[in-house]
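Colleague: Chain by chain, the residues:
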Amino acid sequence: MFPGIDGFEWTPGHLIFLGIFYTVVAVVFLTLALAAVRAWRSYRANRAEAIRWQADFHDLPARDRACRHALTGEMRERVCELGFDCRRCETHARLLEERPPAQAPAADTEAGGVRLPLDRLYHRGHTWVRPEKDGTVTVGLDELASRLMGTPDRVRLPKAGRRISVNGTGWRMWKHGSDVRVLSPVDGEVAATGGPEAGWYLKVKPAEGRLDARHLLRPDEAAPWMRRELERVQWTLGHSLADGGVMVQNLSEAVPAEAWDAVCAGVFLQV
Amino acid sequence: MTMDTKRKRPARYGMVIDVDRCTGCGACMIACAVENNVPPAQPEATDRTGITWVRVYQIHNGASFPENRTAFVPVMCQQCGHQTPCVSVCPQQAVDVDRETGIVGQMPQRCLGCRYCMAACPYHARYFNWWDPVWPKGMERTLNPAVAPRMRGVVEKCNFCQGRLHAARERAAAAGRAEPKPGEYVPACVEACPTAAITFGDLADENSAAAEQARGGNTFRLLQKLGTEPKVYYRSSRPWVHQVAQQDFGRRKKEEIRG
Amino acid sequence: MKVGRRDLFKFAAGSVAGLAITPVPWKLLEDTALWSQNWSWIPRPPRGEIGTKFTACTLCPAGCAVRARCVGGQPVALAGVAEHPATRGVLCALGLAGHHLPYHPLRVRQALRGGRPVGLDTAAAEIAAALVEMRRSGSKNLVAVLDERPGRTASWLYRRWLADMPQGRYVTPPEREGATLAALAELIEGDAGPLGLDLERVRTILSFGAPVLDGWSTPGRVLRRRERFQIVQVETRYSRTAALADQWVPIRPGTEAAFALALAHVLIEERLYDEAAARRAGDFAAYRKVAGEFPPERVAGLSGVAAEQVIQTARLVAGRRPAIAVGGGDPGGGPLGREEEMAIGGLNLLLGGLERDGGIVRRRAVPAPKELEAGAAPVTEIQDLPNGSVGLLFIDASAAVDALPWRLVEQKLASGKALVVSLAAYRAGYAGHADYLIPAPMYLESLQDVPAPADAAEASFSLSTALVAPPQGVVEPVEFVGRVTGNAGTLSDWIKRRAAAVYRTGRGTVTTYTTGKVEPLAEVGSAEKFWNALTEGACWQDERVGGRAAPGVALLGRHGDGAARLRRAAAGRLDAGEAPAGQYPLVLAPFGWRGATGNTALSPVMSKVYQESGLRRAGNQAAVHPATGAACGLTDGCRGVIETQCGSCGVAVFFDPAVMPGVIQVAVGPEPPRTRSVLEVCDLEGGCSWRAARARIWKV
Amino acid sequence: MKSNGRIWFPAGVLVSLGLGWFGFPAMLYRAEPQPVAFSHKAHTGQKGGMKCEDCHALREDGSFSGIPGIEKCAGCHASAIGSTAAEKRLVDEYVSQNREIPWLVYARQPENVWFSHAAHIKLGKLTCEQCHGEHGKTDTLRPYEEDRISGYSRDVRGNPGGKKMKTCEDCHGRCGVGQQGCLDCHK
Amino acid sequence: MDRALISRGVRRCSPRQFLLWLVPWAALAAFGAYSAGLCLVRGLNQTNMDNRFAFGLWIFLDLTVIALGAGAFFTGFLLYILKRHELKAVINSAVVIGFVCYSGAVVVLMVDVGQPLRAWFTFWHPNVHSMLTEVTFCITCYLTVLAIEYLPILLKNRKIRQVPSFLVFEFELHKVMYVLAGVGTFLSFFHQGSLGGLYGVLRGRPFAFREGFAIWPSTFFLFILSAAAAGPAFILLTTWLVSKISRKRLVKLEVMAELGRISGVLLIVYVLAKAVDTLVWINETAPATGFAAHQFYAWRPFGTWILFAEIVVFGLAPALVLLDEKKRQRTGWLVGAAVLVCSGIGLNRFVLTIQTLALPTLPFDAFLSYTPSWQEVGTFLAVIAYGVLVYSLSFRYLPLFPQERELAEVPRVSGD
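Residue numbers (this note's numbering), protein chains in the order written: chain A, 1 to 271; chain B, 1 to 259; chain C, 1 to 700; chain D, 1 to 187; chain E, 1 to 416.
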C-alpha cells in the first residue's frame with residue numbers, strides 16, 4: 001500500500017486504487033479536522049451557550065417553536081426559525097411596525113390560573129424580566145415555572161459579574177433528581193443573585209446599558225402563550241392538571257416522576 | 001551480475017498424468033506429505049478437512065456391477081497458467097505465479113486465512129489448516145528442512161515441491177549454473193509414483209517428455225472450458241475416462257448426492 | 001495540586017495520542033503478526049548436513065531398496081533405488097513413510113506383562129521359568145515360535161534353536177504369495193526346490209484375486225513392466241488390480257477352483273494346452289476327467305461367469321503365452337485355499353509355464369550359515385498345528401505383513417495356561433492378546449537381512465541397515481527368545497555369517513546403489529568387502545538357474561486325494577460351510593492392503609489415504625451394492641452390524657455400485673480403536689482360508 | 001485547578017513518547033551473551049591468518065556449512081592456547097567434552113526463509129563483507145538480541161540497518177534476479 | 001443516574017425493566033463471545049467449515065448484515081445529498097443500525113479469518129485486483145465513517161452534551177455531516193458492489209461467475225441495487241419493531257411510507273436487472289464455461305424454486321406492494337413487504353455464498369451440504385445480540401428518533 005513496502009509495484013491498478021483510497025481517507029480526516037478546528041474556535045469564542053440553544057431549539061418539536069404571532073392569532077401556524085430571538089426577526093419588526101402594540105391592559109392578566117403581572121416582560125423559557133429603576137433588570141421564574149419547581153432541591157446561580165446572554169444558561173436548578181437549565185432572557189452582566197425565597201433570581205446589568213426587549217413577550221401576548229404552555233404540559237402528562245379551571249397549586253408534586261423530565265423539558269425548552 | 005548467471009528463459013513446469021497407469025496406491029500422497037511436512041490427520045479430521053496436496057480421486061463410469069469401471073485421477077494444484085483463479089482473488093498477495101517457473105506459489109506466512117482462494121479454485125486443490133500441525137512426539141525429527149511447516153489458519157497447496165526446486169537450484173548454483181538441468185528437479189510425487197504414471201517437465205521446452213506427451217493425443221485437462229489453462233494434463237486411452245472427466249456434473253446420479 | 005477526574009481523562013487522552021506517534025503500536029502490530037508466523041508450538045525441522053544413506057525396506061517381504069535422505073544423519077524422506085535390479089526405484093506408500101515408524105504413538109518402549117510395565121529381565125526370567133516348569137512337568141504342550149516373516153537369518157536362528165527342543169515347533173502364517181508356487185512344488189515329482197516367477201518375461205498373468213497391481217510380489221518387478229504383460233483378473237471384488245486389468249472376470253466368492261477347472265476344461269477341449277507338459281503329467285487322463293466335470297456351462301452356474309466368458313478367457317490366456325496363473329489370496333482376505341492353489345498350479349502346468357522363460361522358474365535358496373541350515377526345525381504352517389497343542393508361543397510380530405485372525409492362533413493354544421509372548425514394536429495386532437509384550441526394534445532401528453521374496457526368479461540378498469538408534473529397552477526378538485531358551489547369539493553376527501555364506505557361493509552379481517555399477521560377486525575381493533558394500537548400499541543377486549530339464553508332474557498332486565479335494569473345493573467353498581443360506585443370505589468378503597491389515601502400525605501420515613481422502617477404505621468399512629443395501633434396510637454412510645456364525649462386529653456401511661450384489665466387502669485395516677476387527681468374525685474354514693463367509697447385516 | 005488543567009494532555013503525550021521510544025525497545029529485546037567469547041579478529045588477523053571460507057564453507061551440494069562444529073575448534077584448541085578464562089572455558093566445557101557450542105546466530109533466518117549462500121557466492125559473486133560487513137574483523141561478539149514477541153533476531157528484523165525482506169528485494173531488483181516470486185526465497 | 005442520561009421529553013421504561021431486557025441478550029452475547037473465543041484460541045476446527053465449504057454461516061451473515069446495514073448510507077445519501085428532509089426522522093437510527101451491522105460484520109470477519117493477527121497485511125500488501133481488498137478497504141473506511149457519524153449521536157446524550165467542548169464539537173461535526181455522508185455513500189456503493197463482485201469474479205465457480213462491465217461483474221451492480229433497496233426496508237422494519245417493543249410512536253407514518261416507497265422503487269429496478277442478468281447468465285455465461293444453467297438446480301433442495309422465490313416472491317411481490325400508494329398507508333402491508341424484502345436479501349446472499357460452494361465443479365465432485373457447528377451459531381447469535389444491545393442502549397440514552405418527543409406530546413386520537 002505504501003511505496004517502498006515489500007512487493008510494492010506501481011501499476012495503473014495501484015495508482016487508481018490507492019489514489020481513491022487516500023482521497024477518501026484524506027477527506028474523512030480533513031472533515032474531522034475541520035470540525036475539530038471549528039469547534040475549537042467556537043469554544044474559544046465562548047459560543048458554546050449560543051450553540052447549545054441553537055441546537056436545542058432545532059431539536060424542539062415544531063409545535064414548541066410556534067411564533068409568538070401565531071400564538072396571538074396574528075398569523076397562522078408560523079414556526080420560529082430564529083431561536084425565539086425576535087430581535088433579529090424581520091417579520092416581527094414588520095409586524096411591530098404595522099401594528100404597534102396596543103395600550104397595555106390595566107390590570108394583571110391571568111391565564112389558566114397563572115398570574116401574569118403587568119410590570120414585567122416574559123421570556124419563552126418561562127422567566128420574566130422586570131426593569132428596575134437603577135437601570136438593571138430583575139429576572140425571575142414565572143408562576144408556572146415557580147409552581148413546577150416548587151422549592152428546588154438545589155440552585156446554582158452565576159456569580160456576580162458573570163456575563164449571560166439571551167437563551168444561554170441563566171442559572172441551573174435541581175429538583176426530583178434532575179436538572180433544569182433556565183434560559184437567560186437578557187444579555188448582560190449579573191449584578192446580584194437572589195433565589196426562590198426572594199422570588200427573583202438574578203439582577204442583571206443589561207448589555208449596552210439598556211434592555212432590548214424586542215424578543216420578550218408583553219403581558220398581553222403572554223396570556224395566549226401561557227394557555228398554550230399549560231396545554232402542552234397537560235399533553236405531556238396525558239391528564240389534566242386543572243383543578244376547577246385553575247391549575248393545581250402544588251404542581252411540582254402533581255407531576256408524576258416518570259413525566260418530570262418531559263414536563264421540565266417542555267417548560268424550559270430544552271432537550 | 002553477469003548474464004550467464006541469469007536464467008535464459010522462463011520455464012513452464014507442468015506434468016502429464018497417465019490415468020491408465022495410476023493404480024490409486026496413494027504413494028504420491030504419502031511422498032508429498034513426507035516431502036512437504038504435511039502433518040498427519042487430527043483424530044477429528046475427515047476427507048473434507050484433511051490436507052492432501054495431491055488427492056487421488058476415484059472416478060466411475062457410472063455403471064453398476066459388473067459393467068462398472070474405475071479410474072484414478074490424482075488432482076493436485078493444476079498450476080493454472082491463465083487467469084489463475086486464486087491469484088487475483090487473494091487480498092494480500094499471498095499467492096503468485098512465478099514468472100520464471102509458471103508455478104503458482106502460496107505463501108502461508110503472508111496468508112491471513114480468508115479462504116477466498118479456496119472458494120475460487122474449481123479444482124479444490126487448496127487446503128486450509130483447520131488445526132495446528134501436530135506430529136507424534138519425536139516425529140518432528142523426520143521433518144524435511146527444505147519446507148517450513150505451516151501453522152493453523154492458513155491455506156496451503158501443491159507447489160510442485162518448491163523445496164526440491166530450491167535444492168536443485170542450489171546444487172546448480174554450486175556448479176555455477178543458474179538453473180537445474182532437466183531431470184534434476186522432480187517433485188516428490190513424480191519420483192514416488194511406482195508406475196511412473198506422472199511425467200514432469202518444462203512444457204515450454206518443446207523437447208521435454210512432458211511437452212511431448214502433452215502435445216500427444218489422448219490428453220485432456222480438467223475443466224478446460226473455464227479457460228484457466230492448467231499445466232497438469234491427463235491422458236487416458238479409455239474413452240469413458242475422457243467422457244467422465246470432461247462431463248458436466250449435472251449428469252450425476254441422485255444416489256451420489258450427499259446431504 | 002488537585003487532580004480531578006477530568007484531568008485524568010485528559011492525561012489518558014494525551015497518552016493515547018502520544019502513543020500513536022511512538023513505535024509501540026506499529027511494532028506490536030508487526031511483531032504479533034511475526035509471532036503468528038513463528039509459533040513456538042509449530043515444530044521446526046532439524047537443520048544439518050543433508051546426506052544420503054541406503055537401506056532396504058523390511059515392512060514386507062519384497063525388501064525394496066531404499067534411498068534415505070538424511071539431515072544430520074536422521075532420515076527425513078525415503079525413496080526407491082532405481083539401480084536396484086528387482087525393485088527398480090519403486091517404494092509403496094507404506095515404505096515411503098517408513099521413517100516415521102520409530103516414532104509412532106503406539107510404540108512399545110517397555111516390556112509389558114498383562115498390559116503393565118515389567119522389567120525386561122524379570123519378564124525373561126519369568127518366561128524362562130515357565131519353560132523350565134513345562135519341561136519339568138513333562139507337559140506335552142509345544143513350545144512354538146510364530147515367525148511372521150520366514151526366511152530371515154532370525155528365522156533360521158529360531159529354527160535351529162527350536163530343533164534342539166523336543167517340543168519346539170517353528171510356525172509360520174499360512175503361505176500367501178508363495179502359495180501358488182508351494183502348490184506347484186507339490187505337483188512336481190522329486191524335490192522341485194524353490195520356484196520363482198519370471199515376471200520379467202511373462203506376457204499374461206491370470207490372477208485369481210492376487211493384488212497384482214496393488215503391492216503384490218515385488219512391486220518394482222510388476223509395476224515398472226506393466227506394459228509388457230496383460231492381466232486377467234479373476235476376482236469377486238473390483239479391486240485396484242481388477243480396475244486396471246485388461247480383463248476383469250467377476251466371480252462369486254469361493255468359486256475359484258471351479259473356474260480354474262473350467263478353464264482347464266476349455267484348454268483341454270480346445271487343445272490349447274501345452275502338449276509337452278501334458279505328456280509329462282502322469283495323471284493327465286485323471287485330471288482331464290475331473291476338469292471334464294466342470295464344463296463352462298456348469299461353472300457359469302457356480303461362479304456367475306457366463307460360459308462364453310470362461311471360454312474366451314481361456315482362449316485369451318492360452319493365446320498370449322508365456323502365461324502364468326497366480327493365486328495367493330488377499331492380504332486381508334486370507335489365503336485362497338490349498339485346493340484352489342492346486343487347481344491354479346494345474347493351470348500353470350497346462351499352459352506350459354513350468355521351466356520356461358516368462359513362466360515358473362527354478363531358483364536357488366539364499367544360503368544360510370551351515371551351522372543353522374544343518375538341523376533346522378521344519379517349517380509348519382500354523383493351520384497344520386494340532387488345535388490346543390501350544391503351551392508357550394512366541395510371536396515375532398516385528399515383521400508382520402498380512403492379516404492373521406487371532407482366532408486362528410488362539411485355536412492352537414493349549415486350553416488353560418498357555419503363555420503367549422509377543423515380540424512387537426507396537427501395541428497393535430495381537431499385542432492385546434499376549435501375556436508378555438516385549439518391545440522390539442522397528443524398521444530402520446536394527447540391522448536385518450533381506451533375503452529374496454517368495455516369488456523371486458533368483459536368489460538375492462541385501463541388508464536393511466539401522467539408520468536411527470532404537471529407544472532404550474528395546475530388544476531384538478530373536479535374541480530375547482534365545483536368552484529365554486538358553487541360546488546365546490547376536491543377530492547381527494549371524495547376519496554377517498550369512499553374508500559370508502552368500503559370498504562363498506561366488507555366483508551372481510553385486511549392484512552398488514550409488515554408482516549403479518554391477519560387478520560379479522567373485523570380483524568383490526573378500527567377504528569383508530562384500531559386507532561393507534552391503535552395509536553401504538548394495539545388493540547381491542544370484543544368477544538364473546540354467547539347465548532346464550522339465551520334470552515329471554502330477555496334475556492332481558502326489559498324494560492321490562487330489563481329485564476328491566478338487567471336486568469338493570470346486571463345488572464352492574461357501575456351500576461347503578454349515579451356515580444355512582436362508583439365515584445368512586449375504587457373503588462377507590474381507591479384503592485389505594499389504595502391510596496395512598492391522599497387525600502392525602502404519603505411519604500416521606497414512607491418514608492421507610485413509611482418513612483424509614476416500615482413497616482407501618479404513619478397517620471395518622463395509623461396501624455393499626446399493627441394491628443389496630436397500631434390500632437389507634441400509635443407507636449409505638450408516639452404521640451396521642455384520643453377523644456370521646462366528647460372531648458379529650460393527651461396521652460403517654458405504655454403497656458402492658461396483659460391489660457384486662449379495663456381497664459385503666469389508667476392509668481389514670487400521671481399525672478405529674476398540675472395534676472388533678471383521679477378521680474375528682470370518683469363517684476360518686479349517687484355518688487356511690477366511691476369505692468368504694455367509695453373513696447378514698443390519699442397520700443400527 | 002483550572003490553570004493546570006491544560007498541562008495534562010501534553011503530559012500524557014510526553015510520557016507516552018518517552019516510554020514508547022526508549023522504554024519499549026529496551027523491554028522488547030532480550031539480550032543473550034554468546035556462550036563463548038570469540039574473536040574473529042584473532043582468527044583472521046595476522047596471528048590466525050584464516051579466511052572466512054576456512055570455517056564457513058560451501059558443501060559439495062551447495063549447502064552452506066554455517067558455523068563450524070566443535071571438531072573444527074578442537075583442531076587448534078585441543079588444549080588451551082593462552083591462559084584466558086574464556087579459553088579455559090572453551091576447552092573445559094566444550095572441546096574436552098566434545099560438546100557443540102550453542103552459538104546464537106545473528107543472521108539466522110526464520111524457518112520460512114530459504115537462503116542459498118551458493119547462489120549468492122557462485123552466481124552473484126558476492127563477497128562475505130557485502131552482506132556481513134566487517135564481521136570477520138571484530139574482536140568480540142556482541143550479545144544476541146531476540147525479539148521477545150516474534151522470536152526474531154534483532155539483526156534480521158529490528159535494527160534500523162537490519163536485513164529485512166526489503167533488503168533482499170532491492171538487491172534482487174537491482175540485479176534482475178528472482179522476479180518477485182515469493183517462493184523464490186520462501187519455503 | 002440512569003434518568004439523568006435519558007433525553008428529556010421522551011419516556012423510557014424503568015431501569016429494572018431495561019435490565020431485564022438486556023440480561024438475555026447479554027447472556028447470548030457472552031455465549032457468543034465464548035464461542036468466538038474458542039474459534040480464536042483453538043482455531044477454526046471448532047467450526048463445521050471445511051476445505052470445500054471454505055465459507056459458511058459467517059460469510060452469509062456478513063453479507064446479509066452488510067446489505068441490511070446499507071440503510072445507513074442510503075438514508076444518509078437521500079437526506080444529506082438529495083435533501084429528503086423527512087428522512088431526518090430516521091437518520092440517527094439508521095446510522096446506529098449501520099454501525100451495528102458493519103462493526104458486527106467486521107468482528108465476525110476477524111473470527112472467520114484463520115490469522116486475524118495478520119489481517120492488516122491487506123493494507124500493507126494489497127492486491128488491488130482482488131475484490132476482497134476493495135471490500136476490506138471500503139469496509140474499514142466506511143466503518144470509520146460510521147463511527148464518526150455515530151459520534152455526534154453519542155455526544156448528543158443529555159449528560160455528555162453538558163460538557164461544552166463536546167457540545168460544540170457535536171454541533172460543528174453535524175454541520176459537515178454531508179461530506180461524510182457523501183464519502184460514506186461512495187464507499188458503501190463500492191463495497192456493496194465488491195461484495196457482489198466477490199463471487200461474480202469466481203471464474204472457477206460457474207454458478208456464481210458473471211460477465212460484467214469493465215472490471216466489475218454484473219453481481220457488483222445487483223448487490224448495490226439490492227442493498228440500497230433492502231436498507232430502507234430494514235430501517236422501516238426495525239423502526240416498526242422498536243416501536244412495537246417500546247410501545248412508543250417514534251416516527252410519523254409518512255416517513256415509514258416514504259421509506260417503503262424508496263425501497264419499492266429500487267426493488268423494482270433491481271428485480272428487472274436481476275431478471276435480465278439471470279437470462280444472460282442462463283443463455284450466455286454459464287454455457288460458455290461448460291455448464292448448462294439447469295444443472296445447477298439439479299440438486300435437492302436447491303431447485304429452480306430458489307430462482308423463482310428470489311425474483312418473484314421476495315422481489316416482485318414486495319416491490320408491487322411498496323409501489324402501491326394505498327397499501328403504503330397501511331402499516332401491515334408496509335411491514336409485511338419489508339419483511340419480504342429483508343428475507344429476500346438474505347436468500348440472495350445465501351444462494352451466492354452457500355449454494356455456490358455446495359455445487360460441485362469437477363465432474364467427479366460430490367454435492368456437499370454443511371451444517372454450522374454450535375460455535376458458529378453462537379458467534380452468529382452474538383452478533384445479533386451485540387446489535388440488539390448496542391441499539392437498545394442507543395435507543396435508551398441517545399436521541400435516535402427526533403419525532404418521538406413531538407409524537408409523545410400529541411394527545412392520542414383514536415384511530416391514529
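Possibly wrong hints are sitting among the right ones.
Computed list of lysine-lysine pairs in DSSO-like fashion (alpha-carbon distance at most 30 Å, straight line) [as the list claims (entries may be wrong)]: (1) K252(E) / K83(E); (2) K83(E) / K326(E); (3) K125(D) / K163(D); (4) K125(D) / K137(D); (5) K181(B) / K10(C); (6) K203(A) / K159(A); (7) K248(E) / K326(E); (8) K252(E) / K327(E); (9) K166(D) / K27(C); (10) K159(A) / K2(C); (11) K83(E) / K2(C); (12) K88(D) / K125(D); (13) K137(D) / K41(D); (14) K164(D) / K27(C); (15) K88(E) / K175(E); (16) K326(E) / K244(E); (17) K181(B) / K53(C); (18) K175(E) / K175(A); (19) K163(D) / K88(D); (20) K72(D) / K166(D); (21) K159(A) / K10(C); (22) K175(E) / K83(E); (23) K203(A) / K326(E); (24) K175(A) / K203(A); (25) K181(B) / K137(D).
Simulated from the structure, these hints should not be mistaken for laboratory data.
All values derive from a computational prediction rather than experimental measurement.
Colleague: Each hint should be assessed against the structure and marked as holding or not.
Modeller: Tested hints:
no.: 1; hint: K252(E) / K83(E); result: holds, 18 Å
no.: 2; hint: K83(E) / K326(E); result: holds, 25 Å
no.: 3; hint: K125(D) / K163(D); result: holds, 19 Å
no.: 4; hint: K125(D) / K137(D); result: holds, 21 Å
no.: 5; hint: K181(B) / K10(C); result: violated, 68 Å
no.: 6; hint: K203(A) / K159(A); result: holds, 11 Å
no.: 7; hint: K248(E) / K326(E); result: holds, 24 Å
no.: 8; hint: K252(E) / K327(E); result: holds, 16 Å
no.: 9; hint: K166(D) / K27(C); result: holds, 17 Å
no.: 10; hint: K159(A) / K2(C); result: holds, 23 Å
no.: 11; hint: K83(E) / K2(C); result: violated, 50 Å
no.: 12; hint: K88(D) / K125(D); result: violated, 39 Å
no.: 13; hint: K137(D) / K41(D); result: holds, 5 Å
no.: 14; hint: K164(D) / K27(C); result: holds, 14 Å
no.: 15; hint: K88(E) / K175(E); result: holds, 14 Å
no.: 16; hint: K326(E) / K244(E); result: holds, 22 Å
no.: 17; hint: K181(B) / K53(C); result: holds, 24 Å
no.: 18; hint: K175(E) / K175(A); result: violated, 34 Å
no.: 19; hint: K163(D) / K88(D); result: violated, 35 Å
no.: 20; hint: K72(D) / K166(D); result: violated, 35 Å
no.: 21; hint: K159(A) / K10(C); result: holds, 27 Å
no.: 22; hint: K175(E) / K83(E); result: holds, 14 Å
no.: 23; hint: K203(A) / K326(E); result: violated, 60 Å
no.: 24; hint: K175(A) / K203(A); result: holds, 23 Å
no.: 25; hint: K181(B) / K137(D); result: violated, 39 Å
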